[in-house]
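When you get a sec, could you build the whole thing from the sequences and use the hints?
Chain residues, written in single-letter form:
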Amino acid sequence: MASSTTGEKKILTLKGGDNEEFILEESLVLQSELLKNMVKEERVSSIPLPSIKSKTLVKIIEYLKKHAELTPSNKEEFKNFEKEFVNVVLEELLDITVAVNYLKINGLLEFCCQAVADRIKDKSVEAVRKIFRIESDFTPEEESEFRKETPEAFEGDLDDTTN
Amino acid sequence: MTILKAASPVAGDLTASSGGEVIADKEDVLSEILLRLPTKYLLQCCCVSKHWHSLISAPHFRRRHCRRHASTSTATGLLLFRTFSFKHLMDHLVYFPNNSNDKNCYSRTIPSSIRRFHYPLAFSGFHHLHSCNGLLCFGLLLAPCECNLYVYNPCTCSYASLSLPKKFSLSTIKAINLAFDPSRSEFYRIICIYAYNSENDNDPFGDHVYKILIYASESGTWKDTGKGFSDKYDYLLKRGVFSRGCIHWVGENKPFLAFDVENERFRTMPSTSVPENGRKICYFGDWGGRLHVIQECDGGAASLVDVMELQKDYSGWSLKYRIDIGYLGRGIGGNADGIKVDVLCLVEANGEGKTMLIVSAQGRILSYDIVDRTFEEVCNVSNFASVKQDPLEYKYKWGQAFQHFETLACV
Chain A
1 MASSTTGEKK ILTLKGGDNE EFILEESLVL QSELLKNMVK EERVSSIPLP
51 SIKSKTLVKI IEYLKKHAEL TPSNKEEFKN FEKEFVNVVL EELLDITVAV
101 NYLKINGLLE FCCQAVADRI KDKSVEAVRK IFRIESDFTP EEESEFRKET
151 PEAFEGDLDD TTN
Chain B
1 MTILKAASPV AGDLTASSGG EVIADKEDVL SEILLRLPTK YLLQCCCVSK
51 HWHSLISAPH FRRRHCRRHA STSTATGLLL FRTFSFKHLM DHLVYFPNNS
101 NDKNCYSRTI PSSIRRFHYP LAFSGFHHLH SCNGLLCFGL LLAPCECNLY
151 VYNPCTCSYA SLSLPKKFSL STIKAINLAF DPSRSEFYRI ICIYAYNSEN
201 DNDPFGDHVY KILIYASESG TWKDTGKGFS DKYDYLLKRG VFSRGCIHWV
251 GENKPFLAFD VENERFRTMP STSVPENGRK ICYFGDWGGR LHVIQECDGG
301 AASLVDVMEL QKDYSGWSLK YRIDIGYLGR GIGGNADGIK VDVLCLVEAN
351 GEGKTMLIVS AQGRILSYDI VDRTFEEVCN VSNFASVKQD PLEYKYKWGQ
401 AFQHFETLAC V
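Here the protein sequences line up with chains A and B, keeping their order.
Quick note on my numbering: the first sequence kicks off at 1 and runs consecutively.
Quick note on my numbering: the second sequence kicks off at 1 and runs consecutively.
Simulated from the structure, these hints should not be mistaken for lab results.
Certain hints may be false.
List of simulated lysine-lysine pairs, DSS-like, C-alpha gap at most 27 Å [as the list claims (entries may be wrong)]:
#1 A/Lys15 - B/Lys40
#2 B/Lys280 - B/Lys395
#3 A/Lys148 - A/Lys121
#4 A/Lys130 - A/Lys10
#5 B/Lys40 - A/Lys130
#6 B/Lys50 - A/Lys121
#7 B/Lys40 - A/Lys83
Covered by chain B, according to a simulated footprint, are these stretches of chain A (three or more residues, beta-carbon under 8 Å) [as the list claims (entries may be wrong)]:
#8 73 to 85
#9 113 to 119
#10 128 to 136
Just so we're clear, the structure is a prediction, and the values are computed from it rather than from any experiment.
A virtual CB, placed ideally from N, CA and C, is assigned to each residue, including glycine.
The following block contains the structure:
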């Protein structure tokens, strides 16, 4: 694929949250709607992304590279890669999801959302609150009503861990 | 927790907030995640916070969720009703075995969420009752307002009330059938059948004709289709089955009937064979878009029944299994005489390729594996305290069992 491009490949620098720099081919970042617009309209060669941790950015760049290499013949391999890709602690997965949403990488966003859903669908209400750092804003009466109506959401064998 | 620490932000990181926190504030991503959760779990998530509650309760979100899960959703259990004096009382929700997301409560009495509607508004019982893909439709004689028809989603406890057109009442309506297929449309239709006495001698059906009246939820209006059929075949009109855009009715005599709800016209439908004394239908229902009839075997021993499936192209019925229901009755009863067994539902367990019959036998609900010829008890209804105090017998037949779907469908 790359052989068909003429002249020099354009190079772009992404700067992660902790100022770590990532140098990559411009064609790769075009998968991100956000970066694509920045590159096309503003002709920048370096893009700061302070809200994205370097660790998260490393993962996303890894995905962009793999996705760019996707052909009909290595579909299976890519699927396995995707599976491995989301096989990280939940907190990291959430960081990735947020970043992907920010960068507007649509296909990956859907995949991440599904992965998050799969990971939280056995968790208790308390665990979900912890994961998303939510404080219940229901009154104690409402809270106890919920516990009475759907005890299985609070107890039972629902997974109570947050990772 | 050690893993969590490893994943927490490193020193000097500019981002103080965690991904989870950001998502909780970002409605679009949060919706996308919630959209992918199974219905039952999603309803539990309502208790997380007011924000989540309002997000999950929003009609727009519910419609999207319903549409998204429509093609993959299968019934998770059966709602059992008891019928006496033409009234239906909701008794139990029995979950199918092998229902992976519901291992520890696969049979129980009606959950309190459903009972909320059941009592006290409906304590006198439902007049007319039908169900389709997770929605129930029924009439209430003692309704608090002029509305006498209800469409109810037992999962979300939401209902819509409506009234029949002026010249009709619950007692003049012969049957009510609900047509709802979320994979096609978020709207439903109610098909009412009423008896029409023609004074015109030229009427091709003679003087006994049933006519079809349709309510469309998108417009909130009734329409008399003018389409009718003769009643001399004794169709089981109360138990029509909606599948692929058509309501199907079976009866003891030829021929079966199919009505295309969208286009308001009858379409041809093949029938099963009719023995001399008429068919003895033991069950008529659908599973995953396939229609099944179970009827007493023509010419075989009295205890044999045939399980037939309608071919996709409507070219005919094919015999899938021949079952000795007497053998099943003897097995369950534990003696040579056996006990009477009623088929409530035919269930095809996904993945394993198993076909099961959910049967009722003297207050016990069992699942019967057609191929392995093994059965297991799903629940013993007569064990429930509420049942013990009740003088009425708890016997169920297929006409009183409706498939239960977990859905956020709006009514």
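Here is how each hint holds up against the structure:
Distance hint between A/Lys15 and B/Lys40 is unfulfilled; the C-alpha atoms sit about 42 Å from each other, more than 27 Å. Note on B/Lys280 and B/Lys395: the hinted pairing holds, with a Cα-Cα distance of about 19 Å set against a maximum of 27 Å. For the hint pairing A/Lys148 with A/Lys121, the CA-to-CA distance comes to about 21 Å; that is within 27 Å, so the pair holds. A hinted pair counts as satisfied when its Cα atoms are at most 27 Å apart, and A/Lys130 with A/Lys10 does not qualify at roughly 43 Å.
With a C-alpha separation of about 20 Å, the suggested pair B/Lys40 and A/Lys130 falls inside the 27 Å cut-off, and the hint holds. With a C-alpha separation of about 19 Å, the suggested pair B/Lys50 and A/Lys121 falls inside the 27 Å cut-off, and the hint holds. Our distance criterion of 27 Å between C-alpha atoms is met by B/Lys40 and A/Lys83, whose separation comes to about 25 Å. Only residues whose beta carbon comes within less than 8 Å of a beta carbon in chain B count, and the region 73 to 85 of chain A has 0; fewer than three means the coverage is violated.
Check result for the region 113 to 119 of chain A against chain B: holds, 5 residues qualifying (beta carbon to beta carbon below 8 Å, three or more required). With 8 residues having a beta carbon nearer than 8 Å to a beta carbon of chain B, the region 128 to 136 of chain A meets the requirement of three or more and the stated coverage holds.
Hints 1, 4, 8 from the earlier list are contradicted by this structure; the remaining hints agree with it.
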